[in-house]
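S.K.: Use the sequences and the hints to build the structure in full.
Number of protein chains: 2
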Amino acid sequence: MKIALIQQANEADPEVNLERSMEAIRNAATTGTQLVILQELHTGLYFCQTENPDYFDLAEPIPGPTTEQLGALAQELELVIVSSLFERRAAGIYHNTAVVLDSDGSIAGCYRKMHIPDDPGFYEKFYFTPGDLGFRPIDTSLGRLGVLVCWDQWFPEAARLMALAGAQILIYPTAIGWNPDDDPQEQARQRDAWITIQRAHAIANGVPVIACNRTGFEVDPSGVTSGIQFWGSSFVCGTQGEMLVQAEVDQEAVLLVQIDPAQTEKVRRIWPYLRDRRIDAYHDLMYRYLD
Amino acid sequence: MKIALIQQANEADPEVNLERSMEAIRNAATTGTQLVILQELHTGLYFCQTENPDYFDLAEPIPGPTTEQLGALAQELELVIVSSLFERRAAGIYHNTAVVLDSDGSIAGCYRKMHIPDDPGFYEKFYFTPGDLGFRPIDTSLGRLGVLVCWDQWFPEAARLMALAGAQILIYPTAIGWNPDDDPQEQARQRDAWITIQRAHAIANGVPVIACNRTGFEVDPSGVTSGIQFWGSSFVCGTQGEMLVQAEVDQEAVLLVQIDPAQTEKVRRIWPYLRDRRIDAYHDLMYRYLD
Numbered sequence: 078m079k080i081a082l083i084q085q086a087n088e089a090d091p092e093v094n095l096e097r098s099m100e101a102i103r104n105a106a107t108t109g110t111q112l113v114i115l116q117e118l119h120t121g122l123y124f125c126q127t128e129n130p131d132y133f134d135l136a137e138p139i140p141g142p143t144t145e146q147l148g149a150l151a152q153e154l155e156l157v158i159v160s161s162l163f164e165r166r167a168a169g170i171y172h173n174t175a176v177v178l179d180s181d182g183s184i185a186g187c188y189r190k191m192h193i194p195d196d197p198g199f200y201e202k203f204y205f206t207p208g209d210l211g212f213r214p215i216d217t218s219l220g221r222l223g224v225l226v227c228w229d230q231w232f233p234e235a236a237r238l239m240a241l242a243g244a245q246i247l248i249y250p251t252a253i254g255w256n257p258d259d260d261p262q263e264q265a266r267q268r269d270a271w272i273t274i275q276r277a278h279a280i281a282n283g284v285p286v287i288a289c290n291r292t293g294f295e296v297d298p299s300g301v302t303s304g305i306q307f308w309g310s311s312f313v314c315g316t317q318g319e320m321l322v323q324a325e326v327d328q329e330a331v332l333l334v335q336i337d338p339a340q341t342e343k344v345r346r347i348w349p350y351l352r353d354r355r356i357d358a359y360h361d362l363m364y365r366y367l368d
Numbered sequence: 078m079k080i081a082l083i084q085q086a087n088e089a090d091p092e093v094n095l096e097r098s099m100e101a102i103r104n105a106a107t108t109g110t111q112l113v114i115l116q117e118l119h120t121g122l123y124f125c126q127t128e129n130p131d132y133f134d135l136a137e138p139i140p141g142p143t144t145e146q147l148g149a150l151a152q153e154l155e156l157v158i159v160s161s162l163f164e165r166r167a168a169g170i171y172h173n174t175a176v177v178l179d180s181d182g183s184i185a186g187c188y189r190k191m192h193i194p195d196d197p198g199f200y201e202k203f204y205f206t207p208g209d210l211g212f213r214p215i216d217t218s219l220g221r222l223g224v225l226v227c228w229d230q231w232f233p234e235a236a237r238l239m240a241l242a243g244a245q246i247l248i249y250p251t252a253i254g255w256n257p258d259d260d261p262q263e264q265a266r267q268r269d270a271w272i273t274i275q276r277a278h279a280i281a282n283g284v285p286v287i288a289c290n291r292t293g294f295e296v297d298p299s300g301v302t303s304g305i306q307f308w309g310s311s312f313v314c315g316t317q318g319e320m321l322v323q324a325e326v327d328q329e330a331v332l333l334v335q336i337d338p339a340q341t342e343k344v345r346r347i348w349p350y351l352r353d354r355r356i357d358a359y360h361d362l363m364y365r366y367l368d
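So the sequences go chain by chain: U and X.
Residues 78 to 368 in our numbering are what the first sequence lists, from first letter to last.
Residues 78 to 368 in our numbering are what the second sequence lists, from first letter to last.
Worth flagging that the hints you see were computed from the coordinates, not collected in a lab.
All residues carry an ideal CB built from backbone N, CA and C; glycine is no exception.
Please note that a few of the clues may not be correct.
To be verified - With a cut-off of at most 27 angstroms between alpha-carbon atoms, the simulated DSSO-like pairs for lysine-lysine come out as follows:
id, chain 1, residue 1, chain 2, residue 2
1, U, 343, U, 79
2, X, 202, U, 343
3, X, 343, U, 202
4, X, 343, X, 79
Claimed, not checked - A few chain X residues that face chain U, going by a derived Cβ cut-off under 7 angstroms, partial list only:
id, residue
5, 273
6, 318
7, 347
8, 362
9, 366
Stated by the list, open to error - Which bits of chain U does chain X cover? Going by a derived footprint, with three or more residues having C-beta under 8 angstroms, they are:
id, region
10, 180-193
11, 220-232
12, 245-253
13, 261-274
14, 314-320
15, 361-367
M.R.: Structure, rendered in structure tokens:
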């Protein structure tokens with residue numbers, strides 16, 4: 078399976094961003110790409126740096142204008158596109174939603190971000206209602222895709238649930254970056270942790286993992302923080318967590334890579350974690366804390 | 078907290094192995110060590126390379142001769158020891174059990190290995206009844222220790238359950254190695270995966286992780302396989318998965334390291350995964366597979 082990850086720096090104008098994404102997809106298609114991954118909220122700036130009710134104007138319905146354009150492109154180029162949008166579902170209900178456009182132009186399915194972060198500069202709990210579709214992979218003409226979003230990548234539970242539901246690949250559109258005020262050692266630990274835990278999802282579940290992150294610096298419109306330096310570093314790793322390809326921290330990139338879904342069958346035969354899970358003893362995972 | 082990991086190559090004679098472990102503990106104690114970690118089944122060869130009913134003779138009760146010796150040493154040196162023994166509980170019920178000796182010489186608690194592997198050269202399902210004590214950390218004079226054993230290290234569920242129960246450190250006595258017939262690239266992927274997934278447990282839970290592995294080559298008594306080259310590489314990583322210290326692949330070692338339990342409070346404030354877990358949506362973790 079031939080895959081392309083589009084790592085970009087965004088600007089405010091959604092039309093400009095989408096046009097640039099579509100151009101990158103067209104270029105990737107010339108190499109035989111079958112699956113394209115876009116980064117989290119790729120149509121605009123990362124607006125969650127501050128809590129501003131006006132920013133709900135940025136949301137759009139699904140299906141809507143962006144899925145129509147991307148769906149038409151998916152059909153034209155005969156490939157599958159994983160998009161990530163700010164979804165307006167109803168007044169007062171907005172989601173951070175990944176949408177998969179199948180190669181016939183249809184919407185194969187949506188995933189509404191289940192784990193919502195909230196820390197200085199990433200005020201997502203204000204904007205995004207927690208997802209209510211569960212951890213359900215999305216069936217496409219290329220197979221069953223375990224699409225999750227950003228903060229989900231820190232939760233082994235999410236990866237496991239997707240794998241148990243038959244996901245053949247885990248895919249994380251992402252927008253994560255540094256607080257420029259943190260020292261370089263702390264920044265290095267954060268980026269390394271981000272890579273490590275996602276590689277671990279591959280290892281624990283015997284599936285390839287794709288993380289597509291934003292790059293570039295974006296100012297905090299409120300002026301409260303020093304903004305976010307998105308750390309790029311988009312990557313694909315194989316079923317044993319081995320790194321297959323990785324982008325730079327500070328450069329836009331179109332990462333092309335080929336993966337072999339048959340590796341899952343092979344690696345799970347000799348590392349059969351799914352066989353040995355102690356499902357009789359996992360009940361307490363449904364508690365917040367045990368005291 | 079000052080910690081020592083004892084990475085050793087074992088031989089057949091339990092008295093020789095235990096004497097060497099105790100000598101290493103005495104040496105570590107001279108540097109102010111408070112917590113000592115021994116590797117999995119440190120009193121003998123890794124007997125699970127073949128299924129032989131006679132090997133059940135190697136098992137011992139807990140409390141028993143080894144816990145008596147290690148308990149006396151813990152009391153004498155005023156430190157906590159994490160040991161790993163082949164436990165005879167009753168005729169036909171044997172466990173792979175970690176025992177924690179507190180600094181007053183008492184047994185602080187036991188953990189019976191919950192996830193039991195079985196693959197060529199590691200026929201543990203023949204010898205070890207799956208643990209029935211659950212994922213309960215062990216309270217000691219040094220704090221609450223999340224002691225797990227080897228194969229458990231591949232299961233994010235085990236690490237999470239220990240953290241939810243208040244474990245301040247995760248500790249994995251281990252005996253893992255290579256099939257010498259695998260090519261060097263495959264061997265490198267396996268060792269790297271073993272390190273990566275344990276670092277990820279630190280990251281996901283904001284706790285330090287200790288892995289203490291065996292080193293040395295051991296022949297397969299049945300002659301069926303090419304034996305096991307235990308890969309050593311014992312390590313300690315911090316609450317963000319950052320590597321603090323690591324042993325060589327093929328050398329015995331006493332790894333000394335200091336960790337700061339206060340880091341957990343610090344890192345969990347800004348990376349609050351435990352706050353955001355979707356406990357309303359994790360029920361399917363108790364299924365084997367979802368079809």
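S.K.: Using 7 angstroms as the Cβ threshold, decide whether residue 273 of chain X counts as touching chain U.
M.R.: Given a least distance of 5 angstroms, the restraint on residue 273 of chain X holds.
S.K.: Would you mind confirming whether the straight-line C-alpha gap from residue 343 of chain X to residue 79 of chain X stays at or under 27 angstroms?
M.R.: 20 angstroms, holds
S.K.: Are 3 or more residues of the region 314-320 of chain U near chain X, judged by a Cβ distance of less than 8 angstroms?
M.R.: holds (count 3)
S.K.: Do at least three Cβ atoms from the region 220-232 of chain U come closer than 8 angstroms to Cβ atoms of chain X?
M.R.: holds (count 3)
S.K.: Classify the hint on residue 362 of chain X as holds or violated, based on whether any CB of chain U lies nearer than 7 angstroms to its CB.
M.R.: 5 angstroms, holds
S.K.: Taking 27 angstroms as the top limit, are the C-alpha atoms of residue 202 of chain X and residue 343 of chain U close enough?
M.R.: 22 angstroms, holds
S.K.: Between the region 361-367 of chain U and chain X, see if three or more residues pass the 8 angstroms beta-carbon test, and mark the coverage as holds or violated.
M.R.: Check passed, 7 qualifying residues.
S.K.: Counting residues of the region 180-193 of chain U that have a beta-carbon nearer than 8 angstroms to any beta-carbon of chain X, does the count reach 3?
M.R.: Result for this restraint: holds, n = 3.
S.K.: A closest beta-carbon separation below 7 angstroms is what the hint needs, so does residue 318 of chain X meet it against chain U?
M.R.: With Cβ-Cβ at 5 angstroms, under 7 angstroms, it holds.
S.K.: Would the pair residue 343 of chain U and residue 79 of chain U pass a check requiring their Cα atoms to be no farther apart than 27 angstroms?
M.R.: 20 angstroms, holds
S.K.: Hey, residue 343 of chain X versus residue 202 of chain U, does the alpha-carbon distance stay inside 27 angstroms?
M.R.: 22 angstroms, holds
S.K.: Taking the closest Cβ pair, is residue 366 of chain X under 7 angstroms from chain U?
M.R.: With a closest approach of 6 angstroms, the residue 366 of chain X hint holds.
Checked against the numbered hints given earlier, this structure breaks only hint 12.
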